[in-house]
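Dock chain F against the given chain P, drawing on the hints supplied.
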Amino acid sequence: MSHFARRMRYVIKRLVQAIPIVLAIVILNFFLLQLAEGDAVDVLAGEAGSATPEYMAELRAKFGLDQPLIVQLGVYLKNVVLLDLGYSFRHEMPVSELIFDRMLATLLLMVSTILLAVGFGIVLGLVAAISLNTWRDTAISIFALITYATPLFWVGLMLIVVFSLNLGWFPTSGMENFAMFYEGWDRVVDIAHHLVLPTITLSLFYLALYTRLMRASMLEQAGQDYVTTARAKGVTENRIMFVHVLRNALLPVVTMAGVQVGALIGGSVIVESVFAWPGLGMLAFEALFSRDLNLLLGIFLLSAVLVVAVNLVVDLIYSTLDPRIEVS
Amino acid sequence: MNIRSTVLGALCAVSMAFAGAAAMAQKAGGTLVYIVQPEPPSLASFLSTSGPIGLVAPKIYEGLLDYDTDLNIVPALAESYTVSEDGKTVTFNLQQGVHWHDGEPFTSADVQFTVMEILSKVHPRGPNSFREVVSIDTPDEHTAVFNLANPAPYMLRALSAYESPMVPKHLLEGQDPRNSDLATNPVGTGPFKFVEWQKGQYIRLDKNEDYWKEGLPYLDRVVGRFIPDASTRTAAMENEEVMYGAFGAIPNIDAVRLRDTDGFNVTTDGYAMINPMALIEFNTTKPPFDNPALRRAVTVALDREFLIENIWFGYGKPATSALSSNFAATGLYAGAMPNYAPNAQSEQAIAILDEAGIAPDADGVRASVTLDLIPYGEDWRRAGEYMKQALSEIGIKVELRYEDVPTWLKRIYADYDFDMNVNYFYQLPDPVLGVHRHYGTDQIRQGTHFVNSSQYSNPDLDALLVAGAQEADATKRQEIYAEIQKILANDLPVANLFEMEFLTVYNEKLKDHATSALGSYGSFAEAWIDD
Chain P
962 MSHFARRMRY VIKRLVQAIP IVLAIVILNF FLLQLAEGDA VDVLAGEAGS ATPEYMAELR
1022 AKFGLDQPLI VQLGVYLKNV VLLDLGYSFR HEMPVSELIF DRMLATLLLM VSTILLAVGF
1082 GIVLGLVAAI SLNTWRDTAI SIFALITYAT PLFWVGLMLI VVFSLNLGWF PTSGMENFAM
1142 FYEGWDRVVD IAHHLVLPTI TLSLFYLALY TRLMRASMLE QAGQDYVTTA RAKGVTENRI
1202 MFVHVLRNAL LPVVTMAGVQ VGALIGGSVI VESVFAWPGL GMLAFEALFS RDLNLLLGIF
1262 LLSAVLVVAV NLVVDLIYST LDPRIEVS
Chain F
44 MNIRSTVLGA LCAVSMAFAG AAAMAQKAGG TLVYIVQPEP PSLASFLSTS GPIGLVAPKI
104 YEGLLDYDTD LNIVPALAES YTVSEDGKTV TFNLQQGVHW HDGEPFTSAD VQFTVMEILS
164 KVHPRGPNSF REVVSIDTPD EHTAVFNLAN PAPYMLRALS AYESPMVPKH LLEGQDPRNS
224 DLATNPVGTG PFKFVEWQKG QYIRLDKNED YWKEGLPYLD RVVGRFIPDA STRTAAMENE
284 EVMYGAFGAI PNIDAVRLRD TDGFNVTTDG YAMINPMALI EFNTTKPPFD NPALRRAVTV
344 ALDREFLIEN IWFGYGKPAT SALSSNFAAT GLYAGAMPNY APNAQSEQAI AILDEAGIAP
404 DADGVRASVT LDLIPYGEDW RRAGEYMKQA LSEIGIKVEL RYEDVPTWLK RIYADYDFDM
464 NVNYFYQLPD PVLGVHRHYG TDQIRQGTHF VNSSQYSNPD LDALLVAGAQ EADATKRQEI
524 YAEIQKILAN DLPVANLFEM EFLTVYNEKL KDHATSALGS YGSFAEAWID D
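Just so you know, the sequences run in chain order P and F. Per this note's numbering, the very first residue in the first sequence carries number 962; after that it's consecutive. Per this note's numbering, the very first residue in the second sequence carries number 44; after that it's consecutive.
Okay, chain P solo, but in the shape it has when bound:
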């Protein structure tokens, strides 16, 4: 069997395995969310200021909330199988449309954060490992410790105070300038400008993690037998470090990045809230407080799928980094 065909088979097998996992997650989430007191109708009526019990009963019937739980779950599962995520009665929009609208903002923030955090994390970890026990190593370790220990919302607010209010370099919040409504290329630049502070804030936390992981991983690999062998063969130190050790040391970092994609959606609630970034995190947060269960389940489902997919990609990257790890 060719290498490519083997890979395809592996991917398909993994995808099939993912179906029961995702279904189990949906069912678990469904029941978990039922534990919250009150429902979407309570919130809508509460916000409206007042509503008659008849009207609330009518709304519950319209939302399907008057049905027994098991029927509600059945209807939801049936819809999910048909790739229909249902309707958000609060937003009066299909869930898929709502999620898709916010997805782009979240992906933008997530991808730029991962690139920044993993990229810089690897570089810093590498530098620290190479200059073990020098002032550079110490400085990097202290930096990592501080950024890891500082709460995200505080970092965000401090960046706003320094770079928006005092220096005036970046806007405080939002994804675009709403006084101007730029179009075309100007809009891209405007969005990039708005993206800087949230990305830095969210990256700092993960950056620390990758730095420490990379440093430890490099040191561990440097003590392996194959390094001694390479050295005995007369390979230069630089080549040992950057070709042999680096490649192996990357494996745990890549694993970690895969696991954290899911966490990034959650971690971005704080950053999205501080910077008024219109992503999925905020949407989920608001959905929880308005008991918009369809929307919340949709977002959970999406994160589950995303984590499964990213982990599959990570496994594929593994085999590229280290051909000894066969996909089978």
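Derived by calculation from the structure, the hints in this document are not laboratory data.
Derived CB-CB ranges, DEER-like: (1) F:72 x P:1022: 43 to 51 Å; (2) F:435 x P:1140: 50 to 58 Å; (3) P:1266 x F:444: 31 to 39 Å.
For lysine-lysine, the following DSSO-like pairs were computed, each having C-alpha atoms within a straight-line distance of at most 30 Å: (4) P:1023 x F:242; (5) F:554 x F:242; (6) F:212 x P:1023; (7) P:1023 x F:453; (8) F:256 x F:236; (9) F:164 x P:1023; (10) F:440 x F:329; (11) F:552 x F:70; (12) P:1039 x F:242; (13) F:256 x F:70; (14) F:519 x F:360; (15) F:212 x F:250; (16) F:131 x F:212; (17) F:360 x F:554; (18) F:164 x F:236.
C-beta: ideal position from N, C-alpha, C; glycine also.
Only chain F this time, still in chain P's reference frame:
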């Protein structure tokens, strides 16, 4: 028909003269970005009185009347009105040449449809405001005659764009208004037209070029931005990304700092129509608060001025009665009542408890209660912490409970599973609209929010409430409400804490944004930017 007329022509002329005098300085153009928080669930102001909807919808829709900063009635879609001698016929003369944003003309048929089919049926407060309206005649396109079963003096106070928006008949007729596309795509007659709503980001409204008020609005565009984090809202204001934030969008702690910063200012104007009151609801049906003596002791033991000074930064006035002192303007406020001291009277409170035989146990505890707190921000939590401490001094042991909105609403208004609940209510411009719902037996409506959760029922009071609603004579009405306030100060199913003063923080470049009593629930038609 002998007509006691209140024609608004003269008033109208005066206000136009004012507009003329000030027009020299006004500049047209520009975009006003302001804070809308939280993001509204829809823009259906004809279905919901939800605060954030009120921040946006009155820019698009208009009411029959408006109210100036002294609460005088001024013309809006109705250029004048007359009330018959017996108070049972109210005739509105509508403005000529008004068009909906889709180009259709606005006529008396729209008024008839809005009031009879929409507001009286699906609006949360409409069935109350228009309860005496039997029918509406439309003798011609510009006249709407309201026929009432009984005089309804309060109705004329409920006709603003926020409270009773006029909606287009041609877009709603024959549909279920609760499922209408109008909820997210509003079409009104107001100074700004709806353009787009980017969920999670902003609502954009553009100038209505064909607005019926000549020369208005000044602004080209109004954008309502959603910023979830309070500190970021403050930063955005300081960075001039937004120019206006009402209803405490900027927390008081930052507002007082901005007030003292160049270029920014703070106002408490623009909240007179909603008349907010902070209060405690007691559950009067179960121990320990079924005993009125304990309720009296609590209200006497609390230091209202302390709350205002230390938690709300001096913005607020101690409550002195069931009615806000703002009702002095209409003569209905009867002055300070007993049991409403501005400062704590712990000794008096203890005397009340001793007299009622509520004795302390070995640990000095006379009663153990749970205090629920309205989940609308940190200030309320701090107020709860203060109350816990203050009440412990008179032997009432308090446990605080702070839950999220749906859980809290269900607990207080559906399950009645509480002892005492800190909350705030809008008393609105007439007690019939905002205050009766606390106290009437007919307002014990399980599952309905913001009504009589105390489950207080007093036939004498019920009779007075009905009389107060229907009395057309101002002096007699005053006497009825004085009696109501006396009864309530003694029974105290609800203890008012303080008359709230919300803060609007704005950039000083923004002018004339609070030209009506509606404030941020108004239209921004006359607002302009001086840069």
